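Colleague: Residue numbers (the working numbering), protein chains in the order written: chain A, 1 to 329; chain B, 330 to 658.
A portion of the hints provided could be inaccurate.
Claimed, not checked - Cβ-Cβ distance ranges computed for the label pairs, FRET-style:
{"hint": "1", "chain 1": "B", "residue 1": "A480", "chain 2": "A", "residue 2": "A254", "range": "56 to 62 Å"}
{"hint": "2", "chain 1": "B", "residue 1": "K641", "chain 2": "A", "residue 2": "Q101", "range": "55 to 61 Å"}
{"hint": "3", "chain 1": "B", "residue 1": "Q339", "chain 2": "A", "residue 2": "R255", "range": "47 to 53 Å"}
{"hint": "4", "chain 1": "A", "residue 1": "F292", "chain 2": "B", "residue 2": "G426", "range": "44 to 50 Å"}
{"hint": "5", "chain 1": "A", "residue 1": "A151", "chain 2": "B", "residue 2": "P624", "range": "46 to 52 Å"}
{"hint": "6", "chain 1": "A", "residue 1": "E16", "chain 2": "B", "residue 2": "Q570", "range": "46 to 52 Å"}
If you're looking for bench data, these hints aren't it; they were derived computationally from the structure.
All values reported here derive from a predicted model rather than from experimental measurement.
Glycine included, C-beta positions come from ideal geometry on N, C-alpha and C.
Protein chains: 2
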Amino acid sequence: MQSEDALIAQLRELIETQLPHARSLTPIGDDGAAWQPSRSHRSVVTTDACIEGVHFRRDTMSLEDAGWRSMASNLSDLAAMGARPVLATVALGIPPGARAQDAVQLYRGIVEVSRLHRCAIAGGDVTRAPVWTVCIAAVGEVRTTHLKGRAHARPGDVLALTGALGASRAGLHLADNVNVLSGSLREEALRAHRRPQPRVAEGRFLAASRNVHAMMDVSDGLSTDVARLCARSRCGALVEQVPVAPSAAAMAQARGEDAQSYALAGGEEYELLAAIDARAFPYLRARFQKRFGRPLLPIGHVREGSGVMVRKAAGEEVLPATGWDHLRE
Amino acid sequence: MQSEDALIAQLRELIETQLPHARSLTPIGDDGAAWQPSRSHRSVVTTDACIEGVHFRRDTMSLEDAGWRSMASNLSDLAAMGARPVLATVALGIPPGARAQDAVQLYRGIVEVSRLHRCAIAGGDVTRAPVWTVCIAAVGEVRTTHLKGRAHARPGDVLALTGALGASRAGLHLADNVNVLSGSLREEALRAHRRPQPRVAEGRFLAASRNVHAMMDVSDGLSTDVARLCARSRCGALVEQVPVAPSAAAMAQARGEDAQSYALAGGEEYELLAAIDARAFPYLRARFQKRFGRPLLPIGHVREGSGVMVRKAAGEEVLPATGWDHLRE
C-alpha cells in the first residue's frame, strides 16, 4: 500500500472528476468540509457502517459493489427523512495486504451511486483496519414542512411500500446456489443484492405530501422495521399482505422455503415504508404510479394499541420481528 | 450482547440525560437527525475513525478513554476550521464477546468530551465488527468570514502552535515503562494520551482574526502536518524551534531518545498550527495569552518556494515527514 497522502490524492482525483461539487463546497484537503446550507430548509444527517464479514462478503460482491451498498444505505436513510442528499464523508478502513487500486475500486462504487443522486463527497479519512470498513455519514436537506420521521403514524393510516421485498436475500443465496435462477429473475436478485437503489426521488415525493405522516426505510427487514415504526408512533399495526419480489418467490420455491419470510426478514433493501392518511391514499397512489411507473403497494393499516399482527387464513397472528439485528452473532 | 434495539435505548438514555440538545435537533430514533442551521454561518463536516489495534490499544487506555479520543479527534478537526461544534453521529462497531456495558462505557467517554464542547450526539449506528471500531462524523458552524483552511498561508507568516507537543507519545510509552515518570509529568503524559483536549475555543478565537491565514490541527505529527499545510498553500517553511512538552522531554531522556522527535513525529495530539500575519503576531499572541493563560508558541515562518526546512546549529536541513501515516503497516 502506498502512503496515505498518495492514496488520498488518487481518491480526490476520482471524486473531483466524477462528482459535481455541491454548491460552494470547499475543496477536499482541509480538516473538514464547509458548505452553505439553504435558508428555508433543515439539515439532516445520518451514518451507517458497512463492514466486511458483517454486512458483505467478498465472495458475493466486488469491492465496487460494497462501496455502492455503503453509500446506498446512507442515501436510503436520507430518503426516509424526505431529504435531498447534499454531501457525505467517508471513513475507509483498509485491511492488511490490500492494494491502493482496491481502495480506489471501492470508492468507485461510492462515487457511482453518489453521482446518480447528486451527492457530493466532502472528504473523509483513510486508515488501516482488520477488514474492509466503510463508515459513511451523509448530510441532506429537507424543506422544514416536509420533514418526516417515524413518530407520527396515526391509527387508520395505510401502510405502504415503494416496492416489493426479498430480492436482496435471493441475490445473496445465488452465491451459494449459482444455478437456481436465470434470466431476468437472476438479474433482479443480483442487482438487488449488489446494487440496491435508494428511493431518494420516491422519498422526496412522499415527503412533499402532508398526508404522509411517517416514513422509514426497511433496511433491517419489514417485520422488524414495522415494529420500530409502531413503537415510535405509539400504535399497533395489522399487516394484510406482503409484496414479495418475483426473484425472491422463485428462490424460496427452489429452496423449499417460505417466500414471505424473504420479505419479512430480508434486510439490506431500501424500499420505503410510509404511513399514509387512508382517505388520501388512492389519490397519492395514482400520482405515484404516474410519476414512477411503479405502484405504491399497500401492506396493511396502522391501528390503536401496540404490537404488529399479520392476517392469516385462520385469523390474526403476532408478527415476530425476524429482521436484521446488527448485534446478533 | 443484548439486542440492537435494547442497546440503542440504553445509549439514547445516556445521551439524552447528559447532553443538551442542540437547538431543535430531532430526537434520536429516526433514520437521520435534523437540525436548523443558522443563516449567517457555513456548516462544516468532518469524519475520523478510531480502530482498536490501530489508533488505540486496550492495554494503554480504557474504553471510556477510547471514546473520548474518538470524539476529540473530530472536535479537533472542527477547531482547525474555526468552527463551533453542533452535533455528531457515531457509528460503533462492537467486537465478539463484548458486553453491552462495554459499549456504554465507550459512549460515556464520547459523551463526556462532547458535553465539554457543547456538541450534541445526533444518533448513529451500532453493528458487530472484528475489533472496537468508532467512526464519528461531526458537524459544526462557522461564520462565513471566519472560515479557515490549509490553503491560504502566505510567505512571511509566523507559524505558531497553541501548545507544546510530544506528551501523548510519552503517555503511550508509559504503558511499557511504567516507572519512568512520576508526579505531574506522569499526569501530563497520561492525560495527553488518554484525554487529549481539542482546542475548540482556541480555534474559534484564532479564526475570528483576519490575520490568521491558515489553520490545521497537528494530529498526525508536526513534521508531516507542516508539510501538508505548505503543500496546500503552495509555499515552503522554515521551522526554527519545536516546543516539546516537559513530560516528552523527560521520557525521551529516560529512553535515550531525541526529545524533538516526540514532537515532530508524535501524532494523536490536538494542538492547532496557525499561519499568522507577522506584523499582527505580537498583538495576537498577547491577546491569546490573556484569554487562555497560555502562550501562543511561534515555531518558524512560512516562505516562498516549497519544502520544509529546520534550523540546526550547522545551518538549515530538510525536515523529513516522520509523522503518522495511517496506511503504514
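Colleague: Between the beta carbons of A151 of chain A and P624 of chain B, is the distance compatible with 46 to 52 Å?
Modeller: holds (51 Å)
Colleague: So does F292 of chain A sit 44 to 50 Å from G426 of chain B, Cβ to Cβ?
Modeller: About 46 Å separates the Cβ atoms of F292 of chain A and G426 of chain B, which means 44 to 50 Å holds.
Colleague: Do the Cβ positions of A480 of chain B and A254 of chain A conform to the proposed distance bound of 56 to 62 Å?
Modeller: Cβ of A480 of chain B to Cβ of A254 of chain A: about 58 Å, so the range 56 to 62 Å holds.
Colleague: 55 to 61 Å was suggested as the range; check whether the CB atoms of K641 of chain B and Q101 of chain A agree with it.
Modeller: Because 40 Å falls outside the window, the suggested range is violated.
Colleague: Does the beta carbon distance between E16 of chain A and Q570 of chain B stay inside 46 to 52 Å, or does it fall outside?
Modeller: violated (38 Å)
Colleague: Okay, Q339 of chain B versus R255 of chain A on CB: inside 47 to 53 Å?
Modeller: violated (37 Å)
Checked against the numbered hints above, the structure violates hints 2, 3, 6; every other hint is satisfied.
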